[in-house]
Structures are given as C-alpha cells and as structure tokens.
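So you can see what is in the structure, the chains are spelled out below.
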Amino acid sequence: MNILILREAELIVSGILKVWYRNALVFRKNIRVNLIPPFIEPLLYLGAIGYGIGTYITDVEGLPYVRFIAPAILAASVMNASFFECSYGSYVRMYYQKTFDAILATPVTLREVILGEIVWGATRGVISAISISIILLILGVADPIGTILTIPLSFLAGILFSSIAACFTAISPSIDTISYPATLFIAPMFVFSGTFFPLNILPEFIQILALVFLPLTHVVSISRALMTGIPDPLLLLNISWIVAGMIIFSYIAVRLFEKRLIV
Amino acid sequence: MNIMTDHIIEADGLIKRYGELIAVDNIRFSVRRGELFGFLGPNGAGKTTTMKMVQCVSPKSEGKLSIFGLDPDKYGKEIRRRIGVVPQETNLDPDLSVIDNLTVYARFFDIPPREAISRAQEILEFFELELKKDTIIEKLSGGMKRRLLLARALINQPELLILDEPSIGLDPQARHHIWEKLIKLRTEGHTILLTTHYLDEAARLCDRLVIMDHGHILVEGTPDSLVKEYIGMDIVETDTDPYIIKYLEDSGIKYESGGDTLQIRTEKPREIADGIISRFNRVRVITRPASLEDVFLMLTGRRMRE
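Sequences listed follow chains A and B, in order.
Residues in the first sequence are numbered consecutively from 1, following this note's numbering.
Residues in the second sequence are numbered consecutively from 1001, following this note's numbering.
Do not rely on the hints blindly, as some may be mistaken.
To be verified - Here are the simulated distance ranges between beta carbons:
id	chain 1	residue 1	chain 2	residue 2	range
1	A	T183	B	T1135	34 to 42 Å
2	A	P152	B	D1071	21 to 29 Å
3	B	E1180	A	Y21	31 to 39 Å
4	B	D1110	A	I5	18 to 26 Å
5	B	T1135	A	I175	26 to 34 Å
6	A	I175	B	P1059	25 to 33 Å
What the hints assert, rightly or not - EDC-like, lysine to aspartate or glutamate: derived pairs with alpha carbons at most 16 Å apart:
id	chain 1	residue 1	chain 2	residue 2
7	B	K1184	B	D1095
8	A	K29	B	D1095
9	B	K1077	A	E41
By construction, these hints were calculated from the structure, which means they are not laboratory data.
The beta-carbon is built from N, C-alpha and C at its ideal position, and this holds for glycine as well.
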C-alpha cells in the first residue's frame, strides 16, 4: 500500500480522536446526569413489558418472553443513544455552541469533525450496551458470553445509527425538524424490527420491507442470536447491511455537512 | 522572495460570491509582518467574509490569496496551524472549565498535554484569568469570556492573530482591557488582523487600515494619513438654525447638514467659530480636529444600515 495514503489515514484518525476526546471530556464532566438514562430506560421496558405483559404471554420461539425481548432492548438502546447523540447532540454543538466553528479554526478538518462525532455517538451506544448488559446479567436473562460479544456489535451498530442521524442533522433546517426522523423513522423502527414480537408473524412483504429499510432488524437479529444461543439464519445479510450502511451513511453525512458548512 | 517573507497576507482581485450576492468584490490588500491591520466598515461590508477566507474556512470564489506565501485552497491545514482566531460570537465549551477549554483546544494543534498546561498557565496569567482557572465558562462575565477567547487563540503561538470585532458588546472597562492586551501583543511582534465597526478602536489600535463598504475597499492607509488626505482640515460644528444657515450662505462658507448639526470643514476654525458666536446668542459652537469618523462617514455616507 502507498505510504502517503497510510500517512493520510493516520492523520484523519488522529483528527477523529481529538474530536472524540473533546466530547468524552464534556460527557465525563456531566457523568451523573449522563449515566442515569442508560440504566433506567431498559429497566422500565424489562419491567413493564418483559415481566408485566410477559406473564400473559407463552414462550416466543421457545424462549420465555423476557429472554426474547432482552436482546432487542439492548439493541434498541444502542440505537437510541447513538441516534440522539448525533442528532440533537450534534445539532446543539454545531448550531448553538458553535463547537464545530471553534474546531474548524484549527488544523482539524470538517470531515474529521463529522467522523469524530459519529465515533463518539457509537461510543454512547457502547456505554448503553454495557450498562444494560450488567442489568441483564444480574437478572439472569441473557447468556454471559454472548452478552459480552454484543459489545463489539453495539459499536458497529452505534456507527450505523450515528451516521444515519448525522445525515439528518446535516440537512435539518432547525433543531425542531429533527423530531421528524425521530418520530417517523426511529420510533416505528423501535417497535417493528422484531423487537417485541418475531417478524415472521407479519405478512411477507412487510417482513421484506423491515429487512430492507429498518436497520434495527439486523442488529436485533444478531444480538438475539448472541444472547440466546439460537443460531441466526440471516447472519450474513445482517452483518452485510450493518457494515455497508456504516460506510455509506458516514460518507453521505460527511458530504452533506461539507455542503452545509463549507460556504 | 523578499516580498513573500515581508508580507504575511497578500490578496489581489479577491472575490467571494454567495449565489447571486457578491459579498467581497475584487479587493486587494496586503499585511506586513508585525503590523496591526484593521478592516473598518459597517455591518454587511464584507469584513467577516474576508476574515473567513484568510482563516481558510471559506474558499474564495476568484482572485489571488496567499497567507504565509501559501495557497489556502491547497494548504488550509498548514495555514490554520499557524493562525489564531478570535470569533465574533463566543464558541467556548460552556460545560468545561477555563483551563480545560485551553488544553482541549491545544490538542487540536497537536500540542502535547504537559506543554499545553504550561502554555495555558502562562497565557492565563497574561490575561489576568489565573484565579478563574477552574471556573466553568457559564459563570464568567462577557469581558472574561472575550479575554479567554483571545487567550485560546494564542495557545498555538500563532504567527498571525485574527480578531473579528474583538470588543463588540463589552463595557468600557472590558474594552480598554482588551485593547491594552492587543497593544502589548503587537509590541511583542505579533501580526494582528482585526475587523471593527468602532472608529475609536480602529484609530487607536491600527497601524494601517482599510475602510470597506458593500464588498469594496474604499481607501487604505494609516489612521492619520486618511484623516489628512480625506478631510485635511478641522471641523466646526454648530446647531442647525435657519439664521445660521443664511449667514453661512451669505458669507460663502460651505457646510454639511447632518440632522440637527451643521458641519463646516475649514482651515480657519477659529475665525469661523468667532464669526458665528459674535452674531448669534446662546448657540452651540464646537471646533475640533477631524477624526477617522469624519472620513468614514464621508466615504460610506450617513445612511443608516439595516
């Protein structure tokens, strides 16, 4: 490989890490506030839906209901943490705090700022995944080794959802319009991605739509396989969608931000 | 080659368009090493746009621009490494302390953490902020925030410091404090580029300046030479009064009317003032040397800007 390309890649990574570090430091300063939601939210879902509604439900795909939804709750929390960090969080940094402007006056480039934001969003996803894993393991509703393997998965999924969020942020005319993707895309995805019921009870064409347009489906599928030990027949498709999505949406996000901010 | 090293910035035929709008229209200027150079003009004159092109955050539409002898289109990263920028609006990290703001920023310039801390301490002392080192930004006054912005811009020991309206919105004490620091920085040999729409600021600080309006540079020179060249005389001011106007017209004295004040540009201010005072009772007459403000108003017109 060309040495110049390697050097260039090294510089980009170094720029991304600086932006990541800045966000991590701010996160650490407010750690008490920041760490409460990742613990509380999944507990609410597990309690109300898993243990509450779950008592009326017989086994789903051979699993007790609470075990069936535990991996989905983890996947959905990763999605929420990453998506909201790179939508509302990034918008505040870009527009209200002018953090992007401050960084762009240094040798760091806009591309590095956006990729740094996306990697940071993924980190928020990982933080969520770790907090939930602890709860799930304490409650004994997930397989320990499989649960540890969801951590690297949550990083990839985090990049995916952060980059999707970044695309919307880049074209959002105001902070209010971010509620469109949040309610029209993220909220339906939360319930129709095989999270609370298996996809195969839906008509076939809806199943296909979910597999094509709802990336959470793929994340839920893999995390369920990991945490229950039941093999995932669509593993290859699931992984391909996530990896391709990460790359494509990150690229689009960078281009959209360049169009918006480099004028 | 000599020209390259003497001039930190050189712009010729520089144009910036936003769609149909021409924000900067064919300007030419150069800034020498060690000088404090000002861009003076009303809102919307194109000053900030020009600064953004020099900072390599906004690409030029046409023309030539070189900073440190480098082309911003190709060497943006390298140029930004050698520049310090004080923006018009504060963009400090509100959740972080004063010292963290400086050390986080230092990282963006690849300054090692230990070095960053020692530089930050030194800069905070210079700006008399060392006691506020651990204060969260939200708790600082406007003047302190502006001083910290200036402090942050120095963390990479820049060869060129760019300030966009450095004293806007500050109370008189805070303004004087900023001015004092800027003058000190200039004496230490920093090259400083600033924009302002305060005439007293430009007159007091700038070695050389340009006056900009509607994207054009109207004039360039030192504050004194501009006053001499464009006004060249003293000013007598008196009330707008039909009898005084009649007297001035009868005596063939040229005047300008701006609201309730009449202005007479003259080489003999005493004679004219005496003439008015001896003829009219209880009238306000002021004689004063011409200022940059007179040049500015003469060139940009007295119209209000929106």
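Here is what the structure says about each hint:
Distance hint for T183/A and T1135/B: a CB-CB separation of about 39 Å, consistent with the stated range 34 to 42 Å. Between P152/A and D1071/B the Cβ separation comes to about 43 Å, which falls outside the hinted range of 21 to 29 Å. Checked against the given bound of 31 to 39 Å, the beta carbons of E1180/B and Y21/A, roughly 35 Å apart, stay inside it. About 20 Å separates the C-beta atoms of D1110/B and I5/A, a value consistent with the hinted range of 18 to 26 Å.
Judged by the Cβ atoms, the range 26 to 34 Å given for T1135/B and I175/A holds: they are separated by roughly 28 Å. Distance hint for I175/A and P1059/B: a CB-CB separation of about 27 Å, consistent with the stated range 25 to 33 Å. Of the pairs offered as hints, the one joining K1184/B and D1095/B is violated, with about 31 Å between alpha carbons and a cut-off of 16 Å exceeded. Between the alpha carbons of K29/A and D1095/B the distance comes to roughly 7 Å, so the proposed pair stays at or under 16 Å and holds.
For the given pair, K1077/B sits about 43 Å from E41/A by alpha-carbon distance, which is inconsistent with the 16 Å threshold.
Checked against the numbered hints given earlier, this structure breaks hints 2, 7 and 9; the rest are met.
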